[in-house]
Amino acid sequence: MPAISVALTGNPNTGKSTIFNELTGARQKIGNWPGVTVDKKVGLIEYKGRKISVVDLPGTYSINARSQEEQVVSDYFAENKPDIVVNIIDASNISRNLFLTVQLMENGIPLILNLNMMDEAERHGIKINESKLEEIFGMPVTSTVGRDNKSVKVLLDVFTNTRMANYQPSKIFQEHLDRINQIKASGESQEKIDEEIITARYDFIDKVMNAAVTLNVADKGLTEKLDSYLANGFLALPIMVAMFYLLFQIAFEWVGQPLADLLGAFFEETVAPWAAEVMAAAGVADWMQSLVSDGIIVGVGSVLSFVPLIFTLFLCLSFLDGTGYMARVAFVMDPIMRRVGLTGKGIMPLIMGYGCGVPAIMGARTLDTHKDRMISILITPFLTCSAKVPIIALFAAMFFPDNVANIVFAMYFLGLATAIIMAKVLGETAFKGRESTFLLELPPYRMPDLKTVLLETWEKGKGYLVKAGTIIFAMSVAIWFLSSFNSDGMTDEMSESYLAGIGSATATIFAPQGFDTWEAGAAVVTGVLAKEAVVSTIGILYGADEEAVDTDDAEGTADVLMTTGMATAFTPLSALAFMVFTQLYSPCVTALGTIKKEAQSWKWMAFAFLYTCAVAWVAALLVYQVGRLLGFQ
Amino acid sequence: MTLKDTQPGMVVRIDALGESALKQRLMTMGLIPGTRVEILNSAPLGDPIAIRLRSYNLAMRRDDAASIQVTQLK
Ligand SMILES: Nc1nc2c(ncn2[C@@H]2O[C@H](COP(=O)(O)OP(=O)(O)OP(=O)(O)O)[C@@H](O)[C@H]2O)c(=O)[nH]1
Ligand SMILES: [Mg+2]
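Protein sequence lines correspond, in order, to chains R and Z. To convert, take the position in the first sequence, counting from 1, and add 1; that gives my numbering. To convert, take the position in the second sequence, counting from 1, and add 418; that gives my numbering.
Hints are supplied without guarantee of correctness; some may be wrong.
To be verified - On the chain R side, residues computed to face chain Z include the following (Cβ under 7 Å): (1) T200; (2) Y203; (3) K226; (4) D228; (5) Y230; (6) F235; (7) A237; (8) L238; (9) T271; (10) D403; (11) A406; (12) N407; (13) E442; (14) M563; (15) G566.
Read the hints as simulated data drawn from the structure, not as lab findings. Just so we're clear, the structure is a prediction, and the values are computed from it rather than from any experiment. We put the CB at the ideal spot given by N, CA and C, even for glycine.
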């Protein structure tokens, strides 16, 4: 039997990706705010011996190709004729959702109307007469609760049993079509025609609502009550700051960092001696022992030991993502963002940047204007992605042990503040243009779905693990090689190695920032390939004279390094300058590649590299020099 | 009166939408003459505002709300 092709379409935030994931076992990102999915994604399943391909599309309010997501969807329907199009409708918000339904049907696309979020509709006392809806549209109507696997799986039987060719728009819908055709033939200006068509659609929808839907008069609830505190007036700002502070406190002080310390100690005290013993017993060559102990275990271990911290951070962010608070952050930040010529909406992809800059750069697609998108792409690299977290955590623990959470918070704030300031600068120089707007649906607060939160944490955390096992592994080997060899062969004096040469050439430009050691220079260079490499480089380079260390009372990587040359190479002030520089400078190569793809230009990619380095250099300079003037060391 | 001049707590009915770059998008989102709109809350400094219509909540800037003529119901 032939395969069945199914497309999921609908308004943003109606549960399309949730249903897609339940159907196909895929791990599309889910979040409680509009605009999470920005590109189409295909999944394949087999059910009762039939192959079914399902496409998850970005959410859209209409298909007029006014935004990039709308473009994706309208292109999709122009180029593809899927056997079944499922319109995922938020049953608790049915009136506006039906607008897209009506528009799709006007375009001759037969639909299954799937009412999702039935649990919420029920809770709000909304009653929907499904057979009446079938009658009015002439199309099959189904209902689901996206988070409930059983209710979604029912759709599979619907897909295999439904032949859309058997369905025709009803008489009532035909009348609506006639009216639309009349309007189109009226000879008015295009603008007038478009507006009259929109009005006619809502006229039709109002009729549908009267005939098939009973709304609850008092349909306001918890969301509005919460918003009267969380997103109302001036108090909303300090509440927001407190929320994020709490998040960092959990990740860096209470849960994540203590676990990371345990793991770091495990690497230092158990794995490293064990590996050394095994290799010595097996009579492995000296250079090989050095490669494994001083290169791979230290390099990969220094990145791996932060895994608990990264997972805790992702857990908190995924939880926040599921509550719906992200859209409120956009709302509360809009007054600030507007003053720098951006839109509050730009905050949502930026917050994704706290996980990884790559999806954040892609998320800029949801913004309304070219100017907004370009600026958002170019400021994303300033944010604290998870790969920069080990740098901050390590340096904060070493040089500011009494103030870890404050330093961490300050670094995050610095990233965000620099992003916002640069948005203003770019907006007034490179991207003059139409003022941006802010029109954003505020989804209801939801209790995050535990399964989604855990899967999301795992998916993102896995990315970090995979990187440690691949890029960081390879780089540790390369760093060990470069730091152990020079043109005369293997050397015991690291300061005469290839890497010392590369590092000191780079380091000369950091004299005014106080960290012009070749080790710091080398870490900066390797960090462009992957930001995690900054700590693995530092671990390898300073970890080498570790023999002298009594590791018994070391709690983690930071404590071990504290007993090495690193403690004297940096003063607290130059450590701070180094943190500031690595926080802000060049995006990693993967992010640079994404910038190239999204901006469709090599020029902007090169610009992103150069200007972030320049900004970082100046910021670190200010920190160090002003710090010295104030008498800090 | 326009939607721009409203305060949280008010309930209004949309009378007309003036010309603006956003007009068709606003209409698509369901802001059609006759629609009942409740003003919910506002961001720091009172702008943007959050409104409720057709069983959902929407945030918009006051400047964009200025093109929407309304009559106060409550
Ligand atoms: N209560 C409830 N929540 C749901 C249901 N289906 C999905 N959700 C939640 O709704 C939110 C949005 O889900 P997504 O699957 O990301 O929505 P989407 O349609 O893919 O959104 P975009 O990609 O932005 O267009 C998430 O917080 C889900 O957990 C449901 O049936 N009931
Ligand atoms: Mg989605």
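Structure-based check of each hint:
| no. | hint | verdict |
| --- | --- | --- |
| 1 | T200 | holds, 6 Å |
| 2 | Y203 | holds, 5 Å |
| 3 | K226 | violated, 10 Å |
| 4 | D228 | holds, 5 Å |
| 5 | Y230 | violated, 9 Å |
| 6 | F235 | holds, 5 Å |
| 7 | A237 | holds, 6 Å |
| 8 | L238 | holds, 5 Å |
| 9 | T271 | violated, 51 Å |
| 10 | D403 | violated, 33 Å |
| 11 | A406 | violated, 25 Å |
| 12 | N407 | violated, 24 Å |
| 13 | E442 | holds, 6 Å |
| 14 | M563 | violated, 43 Å |
| 15 | G566 | violated, 48 Å |
Checked against the numbered hints given earlier, the structure breaks hints 3, 5, 9, 10, 11, 12, 14 and 15 and satisfies all the rest.
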